[in-house]
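With the hints as extra help, turn the sequences into a complete structure.
Each chain, letter by letter, is given below.
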Amino acid sequence: MGSDTTTKLKLAIEEYDKESAETLAKQAMSEGLNPIEVINDLISVISRIGDDFGKGELFLPDLIGAADALQGAMPVLEEEIAKKGLKREKVGSVVIGTVFGDIHNIGKDMVGTLLMAEGFDVHDLGINVTADTFIGAVKEQNPDILAMSSLLTTTAYEQEKVIKELDKSGLRSHIKVIVGGGAITDDFAQKIGADGYEPTAVEAVKLAKRLLKEG
Amino acid sequence: MVKGYTRNFKPLELLNEDQVKAIWNGTFEILETTGVRVEHEKALDLFESNGCSVDTAGKRVRIPSWLAEQCIGKTPKSFLINARDPGSSLRMGGNRTYFGQNASMSKVNIDTWEVAKSTLQEHSDAIRVMDALDNLAFTLGYEYYMDMVDVPSVMVMAEGVASAVRNSTKITSAGPSYDAEKYSLEIAKVAGTDIILEEAPSPPLTLPEDFCEGTFSFAEACMPMTMVSGSVMGGTGPATFAGSAASNNAEVLAGLCLAQLIKPGSKILAGDFVYPMNMGNGSPDFGAMGVGLHIAIHNQLWRRYDIPTMSGQAAYSNSKKIDWQNGAEKSLMLFASALSGTNYLSIHGSVFGELTWHPVQAVVDDEICGWVGRFLEGIEVNDDTLALDLIHKVGPVPGHFLKTAHTRKWWRHEQFTPSTFDRTSIPEWIKRGKPDILSHAKQKVDRLIAEHKPEPPLSDDQNKEIDEILKRARRDYEQKGLI
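Chains as they are written, first to last, in the numbering used here: chain S, 1 to 215; chain C, 1001 to 1483.
Derived from the structure by calculation, the hints contain no laboratory data.
One should not assume that every hint holds.
Pair by pair, the computed Cβ-Cβ distance ranges are [said to hold, decoys possible]:
no., chain 1, residue 1, chain 2, residue 2, range
1, C, GLY1087, S, ARG210, 52 to 60 Å
2, S, LEU86, C, ASP1389, 26 to 34 Å
3, C, GLY1087, S, LYS26, 40 to 48 Å
4, S, ILE36, C, ASN1463, 52 to 60 Å
5, S, ARG210, C, GLY1399, 40 to 48 Å
6, S, GLY54, C, ASN1463, 54 to 62 Å
7, S, GLY54, C, ILE1426, 13 to 21 Å
8, S, THR154, C, GLU1013, 42 to 50 Å
9, S, GLY182, C, SER1419, 53 to 61 Å
10, C, SER1419, S, GLN71, 27 to 35 Å
One side of the interface only, derived from the structure: several residues of chain C facing chain S at Cβ under 10 Å [stated by the list, open to error]:
no., residue
11, VAL1397
12, PRO1398
13, GLY1399
14, LYS1403
15, THR1407
16, ARG1408
17, TRP1411
18, ARG1412
19, SER1419
20, THR1424
21, ILE1426
22, PRO1427
23, GLU1428
24, ILE1430
25, LYS1431
Restricting the straight-line Cα-Cα distance to at most 20 Å, the calculated cross-link-like pairs of lysine to any residue (SDA-like) are [to be verified]:
no., chain 1, residue 1, chain 2, residue 2
26, C, LYS1434, S, LYS18
27, S, LYS209, S, ASN142
28, S, LYS18, C, ALA1405
For each residue, glycine too, the CB sits at the ideal point set by N, CA and C.
This is the structure:
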């Protein structure tokens, strides 16, 4: 706050400039700024862009661009946090992927990027992810949330399959499951036993936060 | 800054060169053989002294084709219409298209869809909405809300023009009737803006007294005029497109000749306002296919001489509501008109033909204009837009373009993004209470009426001067027993 470099760094995020964000993050750290404070400043920029997106004043390329630019700065800042032995409150952790048989990437990427921008730890399994891979990742990462995307009606039931597998493995009660994608509706999400569904990426992030609060 | 669109491809052309010549030859023959009736002494004298054969008793003027062609030659191919704010000025001619407010007499009640009375305040509020719309380049001073309960009918034109210049920086227009054009000119002068006179010969083949009087006033004041003869195919003009085009051309050209004889170089927009007759009830068939076809022919004919064109009837509907039929008729007509090269195109606000009007409709129409306007601009092809390097870099699935700087740089420029048309997904739409276009447009109108002000506003002195002109007009009309 108040530092010239932080101001420039916030501007780099507003201008979606990932390279400058990385350079400026390094500069900020060499100036001895507190990495946690810098991260919080940058997340506030993303939140404001998210609000403008919600109002229809900004659009997906802006939101994703800003979140992507933040990813230029984050590794530098997190490295510094580790080096200094500081501890940053993580909002939560998410395993995310597009289900087996479905190679739609963009919606899942949007949600993943926005979750990261809001301070979540995101483990992205990519597309065409089998139930086994989802279960393996849940066991390994022990995330707060599992997020699954399906754009096709023919693959939507893969989400149900994964939830059943979670049940069988005794993992279901430890985790919140959220689902999304063009093929999904509120009714469907309830029917397959998911904890939540939202039709847009911005709402999905709000849903994730809400579920964590509820515990 | 007022938005005009530049068409970046060849215009739609329906006629071959022989057909163009045949219709123009017919137009010249009509003017030379049958001629036009001119109900104005000074105009008759002027035509006679310039080589026309004039029958003063029968008020008939026969215009030789050499003179008609000479007058066409004196008409500017392009010209600037200067607004009081330079950003609102219009450059007429060439492949530029401006969209603007459409005429319709009365307000419509958008709950019952019945005709409603309006007030001067509503007129002013509506003009402020027009001022705020992105794709609207010109307003109408008087040709909507013509039955305001608090304005005597003879004062509607002068009050309307005053309301237009006070509530918008955009170019507006006046009409010739009971000297209203003279008060309108004075008001425009005080406001520091050009003003367009909407001139209408009476079909078939007649230049009425008001028309001639208005042409003298505006030509002498070097102000632009639209020449718009509103014939009805099968009624006041032939039922065929070729015949109707020839007789409409003759009416427009006779008016153009009068203007050029009064003052060479007079700025003219050759207008089309022709409808087929609704043979079921005898009224103009506002939303008919034939209107679009007529406009396309008209635009091609006048492009032969590079004279700017206007379509006054380019986007009317027969529907009484803002509904599917309304959207279909207005959009199709607008598209035909814009693709065929209209320079000055009226669309905003009319609901049913020339009879009902509402600002909510204007907001919806503005979206159609944005769509069509962007279409007119076509596309750019160069290394950056072709994006081959990027396509190579992104590669197959799971690569995508959403995160790329190229997308951020280009998507807005390449697309038209409507602000009120519904574009949500079904779940979002349900969540928001299933809104439709009308509720979006109503909200926008309410917001603009509450918040929008023209920039810059007129000064107090200018407003006082306009008040004085209106007072004088009212006094003059009272003395003539018209109020």
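Checked hints:
1. C:GLY1087 to S:ARG210: 52 to 60 Å: violated, 47 Å
2. S:LEU86 to C:ASP1389: 26 to 34 Å: Given about 41 Å between the Cβ atoms, the range is violated.
3. C:GLY1087 to S:LYS26: 40 to 48 Å: Given a distance of about 45 Å, which is inside 40 to 48 Å, the answer is holds.
4. S:ILE36 to C:ASN1463: 52 to 60 Å: For ASN1463 of chain C against ILE36 of chain S, whose Cβ atoms are near 59 Å apart, the range 52 to 60 Å holds.
5. S:ARG210 to C:GLY1399: 40 to 48 Å: violated, 32 Å
6. S:GLY54 to C:ASN1463: 54 to 62 Å: violated, 41 Å
7. S:GLY54 to C:ILE1426: 13 to 21 Å: With Cβ atoms ~19 Å apart, the hint holds.
8. S:THR154 to C:GLU1013: 42 to 50 Å: holds, 48 Å
9. S:GLY182 to C:SER1419: 53 to 61 Å: violated, 24 Å
10. C:SER1419 to S:GLN71: 27 to 35 Å: Since the Cβ atoms of SER1419 of chain C and GLN71 of chain S sit about 31 Å apart, the hinted range of 27 to 35 Å holds.
11. VAL1397: holds, 5 Å
12. PRO1398: holds, 4 Å
13. GLY1399: Holds. Min distance 8 Å.
14. LYS1403: For LYS1403 of chain C, the interface hint holds, since the closest Cβ of chain S sits about 5 Å away, which is under 10 Å.
15. THR1407: holds, 5 Å
16. ARG1408: holds, 4 Å
17. TRP1411: At about 6 Å, which falls below the 10 Å cut-off, the nearest Cβ of chain S leaves the hint on TRP1411 of chain C intact, so it holds.
18. ARG1412: Because about 8 Å separates ARG1412 of chain C from the closest Cβ in chain S, which is inside the 10 Å limit, the hint holds.
19. SER1419: holds, 8 Å
20. THR1424: This hint holds: THR1424 of chain C lies near chain S, its Cβ roughly 8 Å from the closest one there, short of 10 Å.
21. ILE1426: holds, 8 Å
22. PRO1427: holds, 4 Å
23. GLU1428: holds, 5 Å
24. ILE1430: holds, 9 Å
25. LYS1431: With a minimum Cβ separation of about 7 Å from chain S (threshold 10 Å), the hint on LYS1431 of chain C holds.
26. C:LYS1434 to S:LYS18: Violated: LYS1434 of chain C and LYS18 of chain S sit about 39 Å apart, past 20 Å.
27. S:LYS209 to S:ASN142: Given pair LYS209 of chain S, ASN142 of chain S holds - Cα atoms ~17 Å apart, limit 20 Å.
28. S:LYS18 to C:ALA1405: Distance of about 10 Å is within 20 Å: holds.
Comparing the model with each earlier hint shows violations of hints 1, 2, 5, 6, 9, 26; every other hint is respected.
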